[in-house]
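Respectively, the protein sequence lines represent chains C and G. Heads up: the first sequence begins at 1 in the numbering used here, then just goes up one per residue. Heads up: the second sequence begins at 1 in the numbering used here, then just goes up one per residue.
Calculated directly from the structure, the hints in this document are not laboratory data. Beta carbons: idealized from backbone N, C-alpha and C, even for Gly. One thing to keep in mind: the hints can contain errors.
Each pair of labels, with its calculated beta carbon distance range [unchecked claim]: (1) C:606 with G:109: 43 to 53 Å; (2) G:25 with C:610: 39 to 49 Å; (3) C:531 with G:100: 52 to 62 Å; (4) C:640 with G:25: 42 to 52 Å; (5) G:100 with C:783: 48 to 58 Å; (6) G:109 with C:736: 42 to 52 Å; (7) C:641 with G:69: 20 to 30 Å; (8) C:462 with G:109: 55 to 65 Å.
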Amino acid sequence: MSDTSLQRVDSVLTDTSKRLLSTHQPSEVLRVLSDALSQHWSGAAVTAIAIDGVGRLEAKDDVNWPKPLRSALNYGLITPSTPGWSGLVEDGAPQWLSTDVLEQFDLTTIDARQIQFAGQVLGYVIIGLGADSGRPLPGIVDLWLAQAGAMLANFELQRRLADSTSLQESMTSGLMAVDHLGVITSANRSVLELLSGTNLVGGKLEDCFKEQEGRINFDVSPGRIATAASTGRELTFYGEVSEAGEVVRHLQLIVSPLGGSALAGSMVTIRDVTPLIEKTIEANEAVGRAQRHTRELSEMADIAELTSVFGFELEEIYNKFLGKLASLMQSPKAVLYLYQPAQQKLYFKAGLPATDFPKEIELSSSHPIARAFVTKKATTYKSDQNELVLPISVHSKVLGVVCVSGRQKVYLDHDVRLISLVTARLAVLIENARLYHDVNARRERWEAVFQFTDEGIVIFDRKGLIVGFNPASVGLTKYSPREAIGQHFSRVVRIITAEGHNLQITPIYQVLNEAKTLTKIEQLIETKNGDRIWTESSYSPIFDNAGRVTSGIVIMRNIQKDREVEEIKSDFISIVSHELRTPLSAIKGFLDMILKKDFGSLNDKQFHYLTRVYQSNQRMIDLVEDLLDVSYIESGKINLNQHPIAPEAIITDVVTELAAKGFEKQITLKVNRKQRLPLVLADDTRLRQILVNLVDNAIKYSFPKSEVVIDFKVSGDELITTVTDNGVGVSPAQVDRIFQKFGRIYNPMSIQAGGTGLGLYIVKRLVESHGGRIWVSTRGEGKGAKFSFSLPVAKQLPLI
Amino acid sequence: MAKIMLVEDDAILVEMYQAKFELEAHEVTVATNGEECLELLEGYSPDLILLDILMPKLNGFHVLKEIKKRPVLRHIPVILLTNLGEQEVDMNKELAAALGVNDYLIKSHHTPDEVVEKVVRTLANN
């Protein structure tokens, strides 16, 4: 061997070693190695392949290699499944390199060498040698391979270390390695964060947790955690991290033994399980709530059931309700107060325990129960215990107050809602019970009325069949209830005419079909035994809620006696008037004869005074006449024979009759009639009476030498007749009184004028009986008066 | 001169009307009730009957009906003379007209003079 070749070998050797040591990654190692090998064997085709930690190969490629290896190299990845792999695993000549291949590449031999470190194969070097390739120096290739192996192993270890570090550091869980003496040998960053410790490594695990006491409370003592490692079992502990007295975080601590032996130490994992714990707490609460709801629902169902069980005994309702309420609210105390409007107070109705409450509470007091009632609002408050006061209301009417108390926990909105539901039911129950009592009381009262009234009450259904028949009805008709009920109304209450004919039409159809109310109609009925009785009956329909007529009621009063009394009264008036008139007629007649000198002459004084007697007597006669009229009008007995009449003739008569009276005072009567007057519906006698009164009044109150004018005007369906005078007139104050009985006493002129004081009252009533109106207008005292009245115009009958 | 029958139960009124008619030279026969009137009419035929309505025993309408039933009496004019109220008069007027009464006077409305005048006019019309 020459010096130069030795120097060259030496330089390649040291140079290669240096290059290998300064490499930074496995591919660099492979390139340096294959360069060195190809330089060492001039012309040799060399490739170096390294296997990484997970079995991947890295190749240094300088040569065109046979296809299987080539394709693997192209992918940059050769795995045990790569074709040709099996040929690589054996040290020595790869089996896939056939003689053909060698020839093709002009190679004589192929040598494959493993790159190893500590018995572990880290890669391969494949060397193709040509015929002219020299022999390598023994030991040099092995040295390089060993050096490359060491470098590859070093890189692999570095990579693994980096992986594990980054893995540890990136974990949110805290990891601590503890040796068999309980000393912390390593800890990742999360441990520091979770435990807020400084440098834990080197310290004792027990001390680490002791330091945290007060801030972190574990479910066991720090000592217990420290010894857990020695048990050889995996143990889990929990701890709460508190800040300013509040739990902010929950920690889970798992101590796992390493390597299955106490001597190997242990791994401590710390996890922040706050969200998990919170979720668990939430879930537990939800379960609790669900259980409570279930219990509440079942209580509510019980309460709902009470409604049907109780009936309408209020005391029982109150007590059972309070019992249920107390159990629902888990409150030992409950009380019910109800409002009495008459006393303006709340009264104790029921309570648990029964004796613990005031009997009444003034609305004006500051007691929370009074306040809840007045404000209509549920309130919770704290006295010596927690209390919940709630008004009971139905249809926005507050009936009273319920109060539950004595529970340890504060009442929440949920409780208010729940109790509101219950009290709403209670309110309805109370209201129903009250209505029931009310209806009962009413029914009893109505029953009493029905049984004991003097008036016959008959109730009939939609078809007119009798369904109710009270004892007074029996007295009236003489039919028993058994005979009457179920019969048609018209067969039991037989209405007949005064002549005794059966009246076929009964008013009940007007009541049932037209929903008419008929009041106080006088009916003659024939009883079962043929007696005839005058009744005054009122008929009314009975409606259902929808306003439909379902039935009807008749209330009948026996007015037979009234009628008889009325007749006696009427006779009395007739008799009195007859008896009064008879002597008055005698006075009038004799005086008239005396004054007409039938029995000889009279001196002037005798004549004058007897004339006065005659006038006074005449006034008395007029008064009796008017009083009689008033009594007829007021008793409704006035008989108007109203028929179409032509008013002209009557007016002419009246004017003719009164002209003489006017003449005495030099008063002209003037009838202003430009055209034919329409027929009016009137009773001619009464029309005459009306006109006489008005015209006579006009003459009486006129100034001498004036005119009384009668005018006519047709207005709509009315004929308006106006009598105008020029006389003393009417003052506004008198206008209101002038048509009243004896209204004239307010008029100073009237006494002079004579008269009874009933004239205008009778006229007004007569006009109104005709369906007309009467009124007076005046321009003031001393300026005359205008009296107008209207009468209905008779409709023209069509000519047939 | 005419023969007048006055049927009237009140003695003072009888005296009054009698005085007036006699002053006017008429002959007056008086009956103080309905029965008496009918009895007297058995044997007596007046020129005119002045008949009160409200009387004891038989009232004026019954008497009127009897008179109109009897052919010998039917033609005698009858004037009702009453002190009943106008209401009753109204109610009775139709009945009176149906029974063929000639006139209907209310005592307190008319002086004896006016009654005599009515009687004279009725007799003249007949």
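Hint compliance check: list the failing hint numbers for this structure, sorted ascending.
1, 2, 3, 6
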